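Same order as they appear, the protein sequences are chains H and D. In this text, residue positions in the first sequence follow the working numbering: the first is 5, and each later residue adds one. In this text, residue positions in the second sequence follow the working numbering: the first is 5, and each later residue adds one.
Think of the hints as simulated: they come from the structure by calculation, not from any bench. Check each hint, because a few of them may be wrong.
Since the list gives no way to pick one copy over another, a pair counts as held whenever it fits inside one copy or between any two copies.
[Stated by the list, open to error] Once the Cα atoms are required to be at most 27 angstroms apart in a straight line, the calculated DSS-like pairs of lysine-lysine come out as:
1) K169 x K95
2) K169 x K245
3) K7 x K241
4) K245 x K212
5) K37 x K95
6) K82 x K37
7) K241 x K82
8) K42 x K9
9) K75 x K63
10) K42 x K261
11) K7 x K53
12) K79 x K134
13) K241 x K169
14) K58 x K9
15) K241 x K268
16) K42 x K58
17) K199 x K95
18) K86 x K37
19) K9 x K37
20) K82 x K7
21) K7 x K95
22) K245 x K63
23) K79 x K7
24) K63 x K9
25) K261 x K212
26) K246 x K169
27) K95 x K75
28) K241 x K187
29) K169 x K261
Since the structure is predicted, the reported quantities are computational estimates derived from the model, not experimental observations.
There are 2 protein chains.
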Amino acid sequence: MSKLKRNERIAAMVKILSDQPNRIFTLNFFTEKFNSAKSTISEDIVIVKQTMEKMELGKIETFSGAAGGVKFIPKTSKEQNKEILEMIAAKLSEGDRILPGGFLYMTDIIYSPHIIHRIGEVFASQFDYKNVDYVITVETKGIPLALMVAKAMNLPLVILRRDNKVTEGSTVSINYVSGSSGKIQRMSLSRRAIKPGSRVIIVDDFMKAGGTARGMMDMMKEFDAHVEGVAVLIATKEPDKKLISDYTSLLILEDVKETDQVVKIYPDPNLT
Amino acid sequence: MSKLKRNERIAAMVKILSDQPNRIFTLNFFTEKFNSAKSTISEDIVIVKQTMEKMELGKIETFSGAAGGVKFIPKTSKEQNKEILEMIAAKLSEGDRILPGGFLYMTDIIYSPHIIHRIGEVFASQFDYKNVDYVITVETKGIPLALMVAKAMNLPLVILRRDNKVTEGSTVSINYVSGSSGKIQRMSLSRRAIKPGSRVIIVDDFMKAGGTARGMMDMMKEFDAHVEGVAVLIATKEPDKKLISDYTSLLILEDVKETDQVVKIYPDPNLT
Chain H
5 MSKLKRNERI
15 AAMVKILSDQ
25 PNRIFTLNFF
35 TEKFNSAKST
45 ISEDIVIVKQ
55 TMEKMELGKI
65 ETFSGAAGGV
75 KFIPKTSKEQ
85 NKEILEMIAA
95 KLSEGDRILP
105 GGFLYMTDII
115 YSPHIIHRIG
125 EVFASQFDYK
135 NVDYVITVET
145 KGIPLALMVA
155 KAMNLPLVIL
165 RRDNKVTEGS
175 TVSINYVSGS
185 SGKIQRMSLS
195 RRAIKPGSRV
205 IIVDDFMKAG
215 GTARGMMDMM
225 KEFDAHVEGV
235 AVLIATKEPD
245 KKLISDYTSL
255 LILEDVKETD
265 QVVKIYPDPN
275 LT
Chain D
5 MSKLKRNERI
15 AAMVKILSDQ
25 PNRIFTLNFF
35 TEKFNSAKST
45 ISEDIVIVKQ
55 TMEKMELGKI
65 ETFSGAAGGV
75 KFIPKTSKEQ
85 NKEILEMIAA
95 KLSEGDRILP
105 GGFLYMTDII
115 YSPHIIHRIG
125 EVFASQFDYK
135 NVDYVITVET
145 KGIPLALMVA
155 KAMNLPLVIL
165 RRDNKVTEGS
175 TVSINYVSGS
185 SGKIQRMSLS
195 RRAIKPGSRV
205 IIVDDFMKAG
215 GTARGMMDMM
225 KEFDAHVEGV
235 AVLIATKEPD
245 KKLISDYTSL
255 LILEDVKETD
265 QVVKIYPDPN
275 LT
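Could you put the whole structure together from the sequences, leaning on the hints where they help?
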């Protein structure tokens, strides 16, 4: 291929880096792809880095030395987080979402690829996941969200199942108690899904009493995995005392009044 | 903000466009964001467009006139499709994936954000989805894949459930017969999930006899929705005659020999 101009190299570089957040690309990768000298590529990287920071589109990290390289890190600002979360809170407050029993219809939002792609970046901005090995969730509604978190963090996703599946090989199953209903439930996971001694982040869409998150933490013990963080999109304000003590929630659902059709939901003010 | 240089505008533009495939951004969006003249932005777009095509990173489409704008379209070449599909086929052929009963362990691959992000773009390259309204799947294993297809196509994702959920409001449920096991199964979907008269693409990870896909098509009839396409990552070669006649499969699984630990799987030679 003929040599690319700086503009062209930068366009291609941004596409390649941002498609695969947190993956390190060597300088050689780009010198070969663009048929350019290392010094030229290094200059390109500086421009990309400065632009991403100036425009608040993320961070570029470079590594010097023999194993030198560059990676894109999704990083949203406090203002950006507030903006996206308030947008979601406003959508969820539309009165026609209240279902019988005081439940909120929200699958259209938590299955929207664009919205949860941004939420994935918000989660990635809340955690230090440098040494984390997996993102964990349980079927079903949290899966799209957890996948986008895993994509932003460049980590494999592991999905706990509600029952055993023949397509998973030998599995570990546990029982756990749903904190809200008091019902005993079951979850299972393939033996080979997680390497022993791993570090994980647990992600789910919704937390009320915390029983499901507690169950996921118990499951991680079965795999000798260390839980580095628990993150949910929405946690209810009540009960204040949940079955897990340490978690991050992006939104707090204070109240759903079925009779008045009023929803009270807002971003957690403690978020960075 | 001070005016950005061309390099900087291009870096930011590529990030913004490729983060939201198939979303149209007006020229005004960029003139305001970059504090630049329309003619300048138009020149930037030409450079981005040419680079994406030259480097086979996707397509840029522009619309002139009052409602003028620009969007990024994920578009993989036949060679790129072959490369990613052969990589997946090679991974799935590793002998230690064969489970008792001749099943293949593949959740690590179909839950890998990076792999399925690319697969989403391969699917988007196989279909004309200009007039499609939703991507449809059924829980659980196909969800990550379907989400990435939905993201590439900029369409909302709809997930059919195996049972009724109180958090979905009023639902439609149907029974369907699993083509492989002959068992009667049930799936349900919230009444409000799909607008009547919509056009949909059905996505799943795996097809054997096609009973589940058939069930999803039957469900779509309940919503007066028109199925524009059925796409699976892997279809088995046998049975040759499946319960649906018209579908796209990226990979064909010809054989899993449990005794010899041999897997025969390859990209569909008819793919574009």
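(request) Please flag the earlier hints that this structure goes against, numbers listed from lowest up. (result) 3, 10, 21, 22
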